[in-house]
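Dock chain Z against chain S, hints included.
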Amino acid sequence: MGKVILTIIALGHIALAQNFISQKSDTLFPVESKYIYKSIDDVKIITSDNNLTSLSNLWNKKPFLLTLIFSRCAGICSPLISSLKFSIEKITGNEREKNFYIVVLSFDTADTPEDMDAFKKDLNLSERNDWIFGIFADKEKIKKFTDELGFWFNWVDSIGQYDHPGIVVGIRDGKIVRILVGGEITVVKLREVIDEIKGNFVPFYEIQKNVAFRCLNYDPETGKIKIGIGTLIMFIPAFFTFFITFTIFIFSGKIHKQNQKSKTKQVIQK
Amino acid sequence: MAEIAIKAEAVEIEAKVKKLTLVWTGLTFILFPILGLLGFLMRLVQGNVFPMFPPEWFYSILTLHGVGMVGLWFVEGMIAVIYLLSKYVKPSAGVSWFSFTFTLIGVALIIISTIAGKFGAGWYFLYPLPYKSAEIWPNWATDLYLIGLGVLGIAWTVWVIDVLRAIAKKYTLNQALAWHYLAGKTEPELPPIILIVTVTCIGAITGFLAAVALLLLFLFDRVSGTPADPLLMKNLVFYFGHVLVNITMYLGVAILYETLPQYTQKPWKTNKLVAFAWNTVLFLVLFAYFHHLYMDFVQPKAFQIIGQFASYFISVPAAVVTIFSALAMIYKTKVNWTLGSSLIFLGTMGWAVGGVAAVIDSSIAVNFRFHNTLWVPAHFHTYFLMGVVLMILGFIYHFSQLHSNIPDNSKLAKFTVWLILIGGYGFLSMFYTGGALFVPRRYALYPPALSSGTTLAQISIVFVSILTIGFLLYLIQTIRRWARSF
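First to last, the protein sequences are chains S and Z.
Position 84 of the first sequence, counting from 1, maps to 84 under UniProt numbering, and the rest follow consecutively.
Position 69 of the second sequence, counting from 1, maps to 69 under UniProt numbering, and the rest follow consecutively.
Keep in mind that the hints were calculated from the coordinates and are not lab data.
Heads up, the beta-carbon is just placed ideally off N, CA and C, and yes, glycines get one too.
A few of these clues could be false.
[What the hints assert, rightly or not] Taking lysine-lysine and the BS3-like style, the derived pairs with C-alpha atoms no more than 27 angstroms apart in a straight line are: (1) Z:Lys7 to S:Lys257; (2) S:Lys254 to Z:Lys169; (3) S:Lys98 to Z:Lys301.
[What the hints assert, rightly or not] Far from chain S by the CB rule (all over 12 angstroms, computed), these chain Z residues: (4) Val70; (5) Lys87; (6) Leu126; (7) Ala134; (8) Ile147; (9) Lys185; (10) Pro261; (11) Leu327; (12) Ile406; (13) Ile461; (14) Ser465; (15) Leu475.
[What the hints assert, rightly or not] Pair by pair, the computed Cβ-Cβ distance ranges are: (16) Z:Pro51 to S:Lys61: 56 to 66 angstroms; (17) Z:Val158 to S:Ala212: 21 to 31 angstroms; (18) S:Ile255 to Z:Pro261: 25 to 35 angstroms.
Chain S with its partners taken away, still in its complex shape (with noise of 0.2 angstroms):
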């Protein structure tokens, strides 16, 4: 009796210690699916170089990639950016003038305008102007508006750093289209998330590889789509054709005047 009472307080424990993992990966990352296509605040930001916008004025002009980060960060924040700079230039090539901007803005209420300059100078990015280093404008909207992105901090006095997820949001007409999460951002995402941003169509490839006869051939790491041996299945049956008719066309003509030759040769020996 007694094994059997510790075994259901086993795996009740089991069941409980599951719902209490299910429920910190629910919060720990944002779950893409419940902020999607909401809108963000418009708020105000003060950028590296001192000048006051809203995000509605960068919005309004380009699409962007959004990361929030703290300067004093001694985790994941440079890791983060290079990871997402390394991507963006593997995408983007040398392209000077992206057709998006990403834009980096700090929720810690002690970052400056020049610390988020030294973090962006530290980056070598400080000649990029499609880099958007900056901090709220308006502290007190910092944390309705992480909120609203599904990010979250937490100052944690033992370390003296914030805890925090690392995310890059694909934000177009104000409105959220991606959200990546995690410290390394792979070329393969962070181009889904670019056509997205942009409002480009996004391939998908099939997690099943054992397809035969593929008629293209999509390379998520290079975005480049190549014809496979499907398509050339398709002029087949063109070709087949072709060949087929001059056949019957060459023989039967051929058959057809040897008929007549003797046939003439009958009259005339007649």
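Using the frame of chain S, we list chain Z on its own:
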């Protein structure tokens, strides 16, 4: 002596071809009413006349009606054309009998698959649906359906190759495609039917080869378990399906070119324009099918654009040249309007009306709205039912009357034609209205949100009833003459 032998040979060939035509036509008299009534039943179901009708039955009937009608009018068109061609060339009677036998086997397999096996994936059997039926139909039903199609494909490929062989025995490819007309020469004179049938047979071979590739890929999937690319499968199915429907219409046009002059007493000769029109068709028929894949976003953009332009340009040469020529032929001419000539002429006009509706739907911008609405059955029933079907029915009457020597009953013929026109276009107008209201097609029963679909189906029942009476009267008049022709 030699002349007598040649004449005896010609009489023998004529008798053989006549017998073949009579037998094939007999098969049409059986299959046409059955397949037509299945169509009627589907409109009754959509009109909620039988609310308890099982939807899976609706889809197997839809499949049988679709594949049956397309196949039936292709074979009847072929036999009509072979009969008319035998004036100029000698297709093999043995090959036609071979095709007849294999067609019967193929049809039997498809009937078993759809009726006993409830195969209901539609005539186009879009991959991978045939083997993923959610247990509505068993896999053997799909196997039988595909084997049936394979048997038909073999029979018909051999058939069209034999017709090409017969043409090739008398004409070079250059002559059969009237290229010498394009070069400004008029000798040797080429009957238009030879040109049209050559184009049709070449088109048919390419379509049937696409079907072979498609069936092999199905077999590959079934045997190896490795799935094929659905995009490739869809391309192949519409390559085959679109070409088959197109060439069936061209067989109807070949009938028109050969028979209408007999009622107007004016010759219809090949000229540069006719040669250009049909050579354009030969080229464009390979690309027009792309318009079936506008909704497939992964299809390369270039194919979509080619599909739109090919759809526009394919209709201009063949249809416009033929329709204007036909109108010019009857203009200020005393035409002998019998039931046969009336149906052949009205079929040509139906082809024009359906063609315009098809071109509208082949515009990418319009297709985004009309895709899979009732506009689709509207346009293809126009150029098929009120187009090529009328042309071929007109030929059957023409042929039966010629060999029975029973004169035309002009009053009854007129009444029959009016019933077919009112019933046919009334039935089609309900489809067009449904399309304009964005009512989707392929619904067994319309949900309350799409109640206009039910209402339109109910109204169409009235018109289909009129059409059925019209066809019944046609059959009574024609079968009487057909029976006397043996």
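Hint check:
no.	hint	in the structure
1	Z:Lys7 to S:Lys257	holds, 21 angstroms
2	S:Lys254 to Z:Lys169	holds, 8 angstroms
3	S:Lys98 to Z:Lys301	holds, 25 angstroms
4	Val70	holds, 18 angstroms
5	Lys87	holds, 18 angstroms
6	Leu126	holds, 15 angstroms
7	Ala134	holds, 20 angstroms
8	Ile147	holds, 20 angstroms
9	Lys185	holds, 19 angstroms
10	Pro261	holds, 27 angstroms
11	Leu327	holds, 33 angstroms
12	Ile406	holds, 39 angstroms
13	Ile461	holds, 41 angstroms
14	Ser465	holds, 42 angstroms
15	Leu475	holds, 37 angstroms
16	Z:Pro51 to S:Lys61: 56 to 66 angstroms	holds, 58 angstroms
17	Z:Val158 to S:Ala212: 21 to 31 angstroms	holds, 29 angstroms
18	S:Ile255 to Z:Pro261: 25 to 35 angstroms	holds, 32 angstroms
Checked against the numbered hints above, the structure violates none of them.
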